[in-house]
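Undergrad: As they're listed, the protein sequences go chains A and B. Quick note on the numbering used here: the first sequence kicks off at 1 and runs consecutively. Quick note on the numbering used here: the second sequence kicks off at 1 and runs consecutively.
Hints may be right or wrong, so weigh each one.
[Unchecked claim] FRET-style restraints, in silico, Cβ to Cβ:
hint: 1; chain 1: A; residue 1: Glu-243; chain 2: B; residue 2: Pro-134; range: 42 to 48 angstroms
hint: 2; chain 1: A; residue 1: Asp-136; chain 2: B; residue 2: Met-10; range: 28 to 34 angstroms
hint: 3; chain 1: A; residue 1: Leu-319; chain 2: B; residue 2: Ser-255; range: 36 to 42 angstroms
hint: 4; chain 1: A; residue 1: Ser-210; chain 2: B; residue 2: Arg-174; range: 43 to 49 angstroms
hint: 5; chain 1: A; residue 1: Pro-195; chain 2: B; residue 2: Leu-208; range: 50 to 56 angstroms
hint: 6; chain 1: B; residue 1: Met-10; chain 2: A; residue 2: Gly-336; range: 49 to 55 angstroms
hint: 7; chain 1: B; residue 1: Asp-148; chain 2: A; residue 2: Asp-241; range: 46 to 52 angstroms
[Claimed, not checked] If you want a taste of the chain A side facing chain B, the calculated C-beta under 7 angstroms gives, among others:
hint: 8; residue: Ser-87
hint: 9; residue: Thr-228
hint: 10; residue: Glu-366
Think of the hints as simulated: they come from the structure by calculation, not from any bench. Quantities reported herein were computed from a predicted structural model and do not represent experimental measurements. Where a beta carbon is used, it is the ideal one built from N, C-alpha and C, also for glycine.
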Amino acid sequence: MSERGEIRLVQGNEACAEAALAAGVRFFAGYPITPSSEIAEIMAVRLPQLGGKFIQMEDEIASMAATIGASLAGVKAMTATSGPGFSLKQENIGYAALAEIPCVVVNVQRIGPSTGMPTSPSQGDVMQSRWGTHGDHPVVVFCPWSVREVYDLTVHSVNVAERLRMPVILLMDEVVAHMREKIEIPPQVETVDRPRPSGDRQDYLPYDDSSDVPPMAAFGDGYRFHVTGLYHGPSGFPTTDPEVADRLIRRLCGKVQRRRQQLALTSAHLVDDAEVLVVAYGAAARSALRAVREARSEGVRAGLLKISTIWPFPQEVLLSLAARVRRVVVVEMNLGQLVLEVERVLKGRAPVQHVGRVDGELVTPEEIRAALEGV
Amino acid sequence: MKRYLRQQYMPHIWCPGCGNGIVLGALLRAISRLGWDQDRIAVVSGIGCSSRATGYLDFDTLHTTHGRALAFATGLKLARPELKVIVVGGDGDLAAIGGNHLIHAARRNIDITTICVNNRIYGMTSGQASPLTPKGRLATTAPYGNVDRPFDLCQLVQAAGATYVARSTTYHVRQLCNLIAEALENRGFSFVEAVAQCPVYYGRRNRLGTAVDMLKYYRDHAVTVRAAQSMQPEQLADKIIIGRLHHVVEPDYESEYARVMEEARRRADR
């Protein structure tokens, strides 16, 4: 298919909504919160046109719950929010992880904690997106740096959620969400549907662990199965058997861990001869790329590793690039979150410097250049 | 009735004398009477003793997080409108942590039937006060008598927009079953409060006797809606008003949203 798409000037949030629809999302539950509200507003217009459903729920907890409920009915479902709302959704995100209900949660990060400074940009929810809900659980988090990437990663988030039967978090930031860029909207995108059961319904086990992603029936299809947030065996019925419990949690976490390398999305810029490696993601990576280019014009051999898959952390890519550089600079709009992961992976193989910003402003190329050229 | 039960998971977790089984029996008899397709029924619950019912029921069953059953059920119902969606929960689950979802589900008049098993206590966590614990009663977290005033949940959901509201008790089993059947048939948000005994964590602490004594209390303190109309507030103070409290016909959420979809398509085509 060489059919051309439509060229449009769109906002990040708009690209997210349109991509979700293209990926087959037909249910959205939301609650008003800046800077993510445009996603809900666009869904309110577009979903009923396409035979889908939009509902504004009474709170953030309810929108996460309704999203899970709709997915269980066999419909691709999404919700979107920002910091305070993301905090409120955490319990039900854990439910979706344990009960293996595919869904996408968009978090357009704004500065926090608490109400913070509405609605200035930040990248302060990196660790929350990994550990926000209680207990060991699998997590996949994507982070786009451009409107183009918002579109592509939204489609990808829906597909990964369906393929792995789990919640996927699209971690945007206010800059990318409100920025407008020209993108080509493809006439169609590759879509993935959750695995469905094919056998006899009497034999259906909703949590059959003979594969790491068991086939998922929809409510109303006649399988009559049980879904719970309690630990459960293959039948879905609650258990307190330590062996079954251990097997369940290891399978859930394992389905992401085993696919760590294929989930890892990164792009390397000007790294071939780099002596200083900048690691960045989201809006901060835009400033970082500019800083790297400018530093090069000053004779500093800098390169950028832009990370699009925050969790699971793309450690193999980082290790291979870091082996060739003298030092690493991590740029993020917080006081040090993903840098902890970089340090964990590098284990002292290269010195790691952090450039952070928490005043609600976008980190600038000049700040990053100072770190690149300062030594 | 057995065809609606997952007997392989019995015995159930409820204490001897618990009212949950009686309410569940009334629900299943009502479903049986209506002759609904077993494959088109979803039962959703939150967390608590009564919420464990979903595990034992042979329908599509969803045991959610504490208080959130109605929010999960809302998504489920919208995404699959042909499903008959029933929510079962306790007074703590539905009226405290889930109170916001309760009033908003009622406000939307979404076609979900909610059965609230009101045992006036948090049983699963062994006897803390709930929003339905009467003033002065004892609970582990109200050791000197409950200072909070209880909700009248039926009045609450009626004020919030529920189109069918009823109350009965575990003593009045036949009536309870009839009311649940009416609630299931109402297209819109229906609410049935089933006053039920918790002899272990509520009855014992408050010296209300055995489960049978508590049932007798319901027998002696229940008054019908009709009888209550001619009684004074002070006469009704310790009474349980039972029967159909409210029933009106109003468009449910799904019908209203269907019109939104039509309008959205029409404008998109223009």
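Undergrad: Run every hint past the structure and note whether it holds.
TA: Cross-check of the supplied hints:
| no. | hint | verdict |
| --- | --- | --- |
| 1 | A:Glu-243 to B:Pro-134: 42 to 48 angstroms | holds, 45 angstroms |
| 2 | A:Asp-136 to B:Met-10: 28 to 34 angstroms | holds, 31 angstroms |
| 3 | A:Leu-319 to B:Ser-255: 36 to 42 angstroms | violated, 58 angstroms |
| 4 | A:Ser-210 to B:Arg-174: 43 to 49 angstroms | holds, 47 angstroms |
| 5 | A:Pro-195 to B:Leu-208: 50 to 56 angstroms | holds, 52 angstroms |
| 6 | B:Met-10 to A:Gly-336: 49 to 55 angstroms | holds, 54 angstroms |
| 7 | B:Asp-148 to A:Asp-241: 46 to 52 angstroms | violated, 39 angstroms |
| 8 | Ser-87 | violated, 15 angstroms |
| 9 | Thr-228 | holds, 4 angstroms |
| 10 | Glu-366 | violated, 47 angstroms |
Of the hints listed earlier, those the structure fails to meet are numbers 3, 7, 8 and 10, in rising order.
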